[in-house]
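Trainee: Model the full structure from these sequences, guided by the hints.
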Amino acid sequence: MTARTPLISLTQAGVERAGRWLVRGIDLTVCQGEIVTLIGPNGSGKSTTAKMALGIIKPDAGTAHRASGLKIGYVPQKLSIDWTLPLTVARFMRLTSAPSAAEVAHALAATGITHLANAIVRNLSGGEFQRALLARAIARKPDLLVLDEPVQGVDFAGQIALYDLVRKIRDDIGCGVLLISHDLHVVMAATDRVICLNGHICCQGTPVAVASSDEYRQLFGGQADATLAVYEHHHDHTHLPDGTVLHADGSVTEHCHPDDGHHQVHPDDGHHQVHPGHGRDHPPRASATSDAAARTGAGGDNA
Amino acid sequence: MLDDFFTRALVAGLGVALVAGPLGCFIIWRRLAYFGDTLSHAALLGVALAFLLEVNVTLAVFAVSAMISLALLALQKRATLSSDALLGLLSHSALALGLVALAFMSWVRIDLMGLLFGDILAVSKIDIAVIWTGGIAVLLVLRLIWRPLFAATVNAELAEAEGLNPDRANLIFMILMATVIAISMKIVGVLLITAMLIIPAATARRFASGPEQMALFAAIAGMLAVVFGLEGSLTWDTPSGPTIVVAALGMFLLAMSPIGGLIARLVHSGRDRSEAKGRTSS
Chain A
1 MTARTPLISL TQAGVERAGR WLVRGIDLTV CQGEIVTLIG PNGSGKSTTA
51 KMALGIIKPD AGTAHRASGL KIGYVPQKLS IDWTLPLTVA RFMRLTSAPS
101 AAEVAHALAA TGITHLANAI VRNLSGGEFQ RALLARAIAR KPDLLVLDEP
151 VQGVDFAGQI ALYDLVRKIR DDIGCGVLLI SHDLHVVMAA TDRVICLNGH
201 ICCQGTPVAV ASSDEYRQLF GGQADATLAV YEHHHDHTHL PDGTVLHADG
251 SVTEHCHPDD GHHQVHPDDG HHQVHPGHGR DHPPRASATS DAAARTGAGG
301 DNA
Chain B
1001 MLDDFFTRAL VAGLGVALVA GPLGCFIIWR RLAYFGDTLS HAALLGVALA
1051 FLLEVNVTLA VFAVSAMISL ALLALQKRAT LSSDALLGLL SHSALALGLV
1101 ALAFMSWVRI DLMGLLFGDI LAVSKIDIAV IWTGGIAVLL VLRLIWRPLF
1151 AATVNAELAE AEGLNPDRAN LIFMILMATV IAISMKIVGV LLITAMLIIP
1201 AATARRFASG PEQMALFAAI AGMLAVVFGL EGSLTWDTPS GPTIVVAALG
1251 MFLLAMSPIG GLIARLVHSG RDRSEAKGRT SS
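Residue numbers (the working numbering), protein chains in the order written: chain A, 1 to 303; chain B, 1001 to 1282.
Take these hints with a grain of salt, some might be off.
[As the list claims (entries may be wrong)] Covered by chain A, according to a simulated footprint, are these stretches of chain B (three or more residues, beta-carbon under 8 Å):
{"hint": "1", "region": "1159–1166"}
{"hint": "2", "region": "1205–1214"}
[Stated by the list, open to error] Pairs of lysine-lysine, DSS-like flavour, derived with a Cα cap of 25 Å:
{"hint": "3", "chain 1": "A", "residue 1": "78", "chain 2": "B", "residue 2": "1125"}
{"hint": "4", "chain 1": "A", "residue 1": "168", "chain 2": "A", "residue 2": "141"}
{"hint": "5", "chain 1": "B", "residue 1": "1077", "chain 2": "A", "residue 2": "58"}
In case anyone wonders, no lab produced these hints; they're calculated from the structure.
For each residue, glycine too, the CB sits at the ideal point set by N, CA and C.
Mentor: Printed below as a string of C-alpha cells:
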C-alpha cells in the first residue's frame, strides 16, 4: 500500500481562520484502491481536511499535493439545488463532465435510481438525492472519490447498503476513496483505514484498532461501545425493518437462530472479544443491540 | 433592407434579445438581478467618460461595466460587507459620479431620456454591426464556458473540486455581462436592460425542463417581445424601449396564466412521448 504513489497527500497541513486553527498538523494519504475514512465529532475539521485535499481550501501551513491529471468525483456535504434551476437527474449526471449514456445508465443502476433518470432533482427525497449525488460522482469514473457524509437522510438499512455500494464501486473501478463520517460503526466494514480527527489527528489505523483505542472512546463516549458490537454484527446479520434477518451470506430468514447455519461469529457484550460459541441468550440481545445502533444512527443524522 | 429605420430597429432588437436571454438565465439562477442593475447604472458613468475622453460610447460603457465587475469580485474576496450592500455601493456611486461628471461638461448636451429609455429607432447600420458581432461573440464564449459556469452555478466547490476552475468562468461571465450591457444600452436604455435579461428568462422557466432549453426559450421569448413591442410602439406611438419591456411582461403573465399551463403541459407531454418512444426502442 505504501509502495504506491498516493493520489492525494497532505503533509503537516493546517487551516487557520481568524487566529484559530480549524485543523492542524494533518498527515493524510489516499492511494489507489484504498478506502480511508475521516471520522470525528461535529466541528472537528473533517470537511475542512477534505477540502484541503480537494484543493478547495489552500492550507495555511504544510502542503497539499494531488497527483497530476487526477480525476476526482466529489459528493459535498451540503448541496441545495435552487428552485430556479430546471434540472433533471439525467442532466445532473453531466454537470462537470460528459459521461457516455452507457456510463450514466450504469451509475444510475448501481445506485438504484434508474427509474428517476427523468425526475426533477428538486423533487427528490433526501435519500434519493444522496444516491443521485453518488451516481453523478461515479458516472465520471473518478480516480478518487471523496464523499462528505454521503448517507445523510438515508435510513439505517440504506446507509449500510450505500457503504456496501461504495466498497463495490472501489472494487469495480479501482479508485481511491476518502470518506467522511461521524458514525464509525456503520462505515467500519467498508473501510481500510480510519483517521480519527478532532482538530488534529487523534489516532489512526484499522477500524477495529481505532474503535478499541482509548482516544476514540474519549471522543465518542458511550457510543464507542456500540461501535464494535454493530461492526461485528454487520458481518454476521442485520435486522431489517420488517423483522426479518439479513445474514452475511446474503440469505434472509424470518428469525435469528444461533444454529441456523448462517452465523459464524457472535459479539459479546459489545467488547472486542469474538468467540465462535452459540450463546443461548443470543437472539434477544442481538436485536437489542441492533435497535440501539439504529437509534445511534438516527441521532447522528440529527446532529 | 436596412435603409428602413423600423427594420434596423427590429434587427438590432432581435440581436440584443438573442444574447440577453441565455445570459438572463444565469442572472436568475445566480440571483444576480441587482448586479444587472448595478452595471446599467454604471453605464451612465461610461457615457460621461466617453464624452470627456472623446471615445466610442459603447466601448466606454463596456470598460466601465467591466471595471465595476472586477471591483465587485475584488471586494467580495475581502468582504466584510454582503454582496447586495457592495452592489448598492458600486451602483449608486457610479451613477452619482456619472451625473457629476456630466454636470462639469456644460458644453455637452446629452439626451438623458434616450439614455435612460433607449433610442432603438435611431440605431445606425454601425450599431447593428456592433450588436451582432458583439452578440455572437458573447454567445460563442458562453458556449465555451457553459459547463464550468453552469456547474459553478449549481455548486462552486463541486466545480472547483472536479477541476473546472469556477473562478475563471465567473470572471468571463462578468465580462460577458458588461458586453451585453454596453451593446443593449441603446435599445432599451439603462433603466430597462435588466428587464430584457430577466423577464424573458423568467417566462422560459415555466416551460423549460433543462438549463439549455431554458436558455433557448429565453432567447425566443425575448425576440418575440422585441417584435411585438416594436409593432406596438408603431401602432400606439409609444416609446419603443418601454413598449418592448411591456410586451415581455405580457408574455410572462400569459405564461403564468392557465393558457401558459396548457402550453407547458403540451411541451412536457411531447417530451415524455419522445422519451417513451426511446425507451421502447432500446
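Trainee: Now tell me if each hint is right for this structure.
Mentor: Verification of the supplied hints:
no.	hint	result
1	1159–1166	holds (count 6)
2	1205–1214	holds (count 7)
3	78(A) x 1125(B)	violated, 51 Å
4	168(A) x 141(A)	holds, 13 Å
5	1077(B) x 58(A)	holds, 14 Å
Violated hint for the displayed structure: number 3, the only one.
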